[in-house]
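Undergrad: Got chain A sorted already, so can you dock chain B onto it with the hints?
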Amino acid sequence: MTATRHDATWSTASVESTLALGEALGRCLNAELTIGLVGPLGAGKTNLVKGIAAGNAPGMGSSVTSPTFTLIHEYDGRLTLYHVDAYRLRDTAELLALGFDELMRADSVVVVEWADRVRSAMPEDSLWITLALTGPTSRDLTFQAGGPRSQRCLDALQTDDKIQA
Amino acid sequence: MALILGIETSCDETAAAVVVDGGDVRSNIVASQVDLHRKYGGVVPEIASRAHIERLDAVIEEALSEAGCAGHDLDAIAVTQGPGLVGALLIGVTAAKTLSWAWSKPLVAVDHIRAHACSPAIGLDRSPWPAVALIVSGGHTSLFQVNDPSSIERLGATTDDAAGEAFDKVASILGLEYPGGPAIDRIASNGNPKAVNFPRTMLAPDSLDFSFSGIKTSVLYHVHGQGQTTGGLEKLSGQALADIAASFQQAVVDVLVRKTMLAVARTGLSTVVLGGGVAANRTLRNTLATVCRNRKLEFHAAAMDYCTDNAAMIAALGFHSFRAGDLAGLDLDAYAISG
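Chains as they are written, first to last, in our numbering: chain A, 1 to 165; chain B, 1001 to 1339.
Take the hints with a grain of salt, since some may be wrong.
Unchecked claim - Pair ranges (Cβ atoms, derived):
#	chain 1	residue 1	chain 2	residue 2	range
1	A	119	B	1178	17 to 27 angstroms
2	A	76	B	1197	38 to 48 angstroms
3	A	31	B	1126	47 to 57 angstroms
4	B	1304	A	160	48 to 58 angstroms
5	B	1053	A	7	52 to 62 angstroms
6	B	1329	A	137	43 to 53 angstroms
7	B	1053	A	140	38 to 48 angstroms
8	A	148	B	1331	39 to 49 angstroms
9	B	1124	A	140	49 to 59 angstroms
10	A	147	B	1124	54 to 64 angstroms
11	A	59	B	1172	30 to 40 angstroms
12	B	1178	A	148	36 to 46 angstroms
Simulated from the structure, these hints should not be mistaken for lab results.
Every residue gets a Cβ at the ideal spot worked out from N, C-alpha and C, and that includes glycine.
Chain A on its own, in the form it takes in the complex (with noise of 0.2 angstroms):
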């Protein structure tokens, strides 16, 4: 059998609406997940992994900073939480010398921040999330799941009564 895949896309207004689906898809996480996020500078990529994190586990929102210098942050959680981010990598090379296929485990979720440059690297079934710019504040986030685990987890995200895609 194999899963139905389709896209769904929800609009946030406000950063904080931002954070309350990022939070929403952080308690949805099953283990051994790998979310890929695209999308331009200002996006709101980092802020989403804030929610993941919250959701994943409370309080920890505010410990997330951006990685694009440190490359690797860990959280923990439910599951551990590895936030990565591809900006300042030239290639996937570089990617897997940081020793990425160790982050994905039976425990962990991997988020990964410009996954598009690294798209070699994912795996086939990676959920990618595309975050569009549609005003100073409000965000387009275009979610696909590429397999059964990445639908499993967005299932469990449309079925939240408080997050209506």
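TA: Chain B in isolation, oriented as in the chain A frame:
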């Protein structure tokens, strides 16, 4: 007299240094300065924690040889324990533990950011402490109260992007080259810092934390038009570009300086020190120096060699832990995030 070997592998740079009594730098080697391509052949990846393995032996040897000493002359070995990439840190930590065991020398663990906070004291003829320390780099933006090198308290830090990262990303929006800090500093000197009123994000009125994420979006929309993320750059004249760079830089510097003065008021201290890679920015240095002079505060900026990641600051702070008897065991582990 205590001779300390410092080892730093927390992020991109592989570095080793020999420092006497926490201030007299005998050698300060950073891998990019060593001709590793010649020594090893082939390409050493710019950003790869595993590259530290290939570089570290040569860098330590170079640091000892330039200082004119050998392993048995040392009094202790200091190493960066965190924060940073755990895989990268472990290479330095493992090397330091091995040398500590092989040469029977005490091991000292050092926090990378706290070492930056103390770096402005290196080379001064008297101690600047107690002081408020502003540390600004690509990866970090923090305020500390340094009572003395063994008593350092964090007052605030960035809640999203570091100031150096904002410089790099705004440079990218403006089509300038990487690294963006020096590029913005250069073109901003021809611009009007009052041309555009970019937001100064202060968070809560009494907060000593920083937020530099929102200013990226402001610059983006100023360049391309409200709601647009492309198409505007081509329409800007050189002068308009310089004005945006100068106005952006002024907004960041204003926030850094105001928060530093808030920290001075809160702590009642009368000395300010500045360190980290962005301490090289002329507007930040000059503005902070002027504000301190007007308020009769003492001001010291770290020397350029100790602004970017280096091991001299690790050996310098390590000396104080060594002297205080605060030693690490061979079970020392690295940590990713600062407490």
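Undergrad: Determine for every hint whether it applies to the structure shown.
TA: Now the hints, each set against the structure:
1. A:119 x B:1178: 17 to 27 angstroms: holds, 22 angstroms
2. A:76 x B:1197: 38 to 48 angstroms: holds, 41 angstroms
3. A:31 x B:1126: 47 to 57 angstroms: holds, 56 angstroms
4. B:1304 x A:160: 48 to 58 angstroms: holds, 52 angstroms
5. B:1053 x A:7: 52 to 62 angstroms: At 43 angstroms between Cβs, range violated.
6. B:1329 x A:137: 43 to 53 angstroms: holds, 50 angstroms
7. B:1053 x A:140: 38 to 48 angstroms: Distance hint for residue 1053 of chain B, residue 140 of chain A holds at roughly 44 angstroms.
8. A:148 x B:1331: 39 to 49 angstroms: Once the Cβ atoms are compared, 42 angstroms apart, the range 39 to 49 angstroms for residue 1331 of chain B and residue 148 of chain A holds.
9. B:1124 x A:140: 49 to 59 angstroms: Roughly 53 angstroms apart at Cβ, these two residues keep to the hinted range, so it holds.
10. A:147 x B:1124: 54 to 64 angstroms: holds, 59 angstroms
11. A:59 x B:1172: 30 to 40 angstroms: The hinted range 30 to 40 angstroms holds for residue 59 of chain A and residue 1172 of chain B, with Cβ atoms some 33 angstroms apart.
12. B:1178 x A:148: 36 to 46 angstroms: Because 39 angstroms falls inside the window, the suggested range holds.
Hint 5 alone, counting from the list given before, is not met by this structure.
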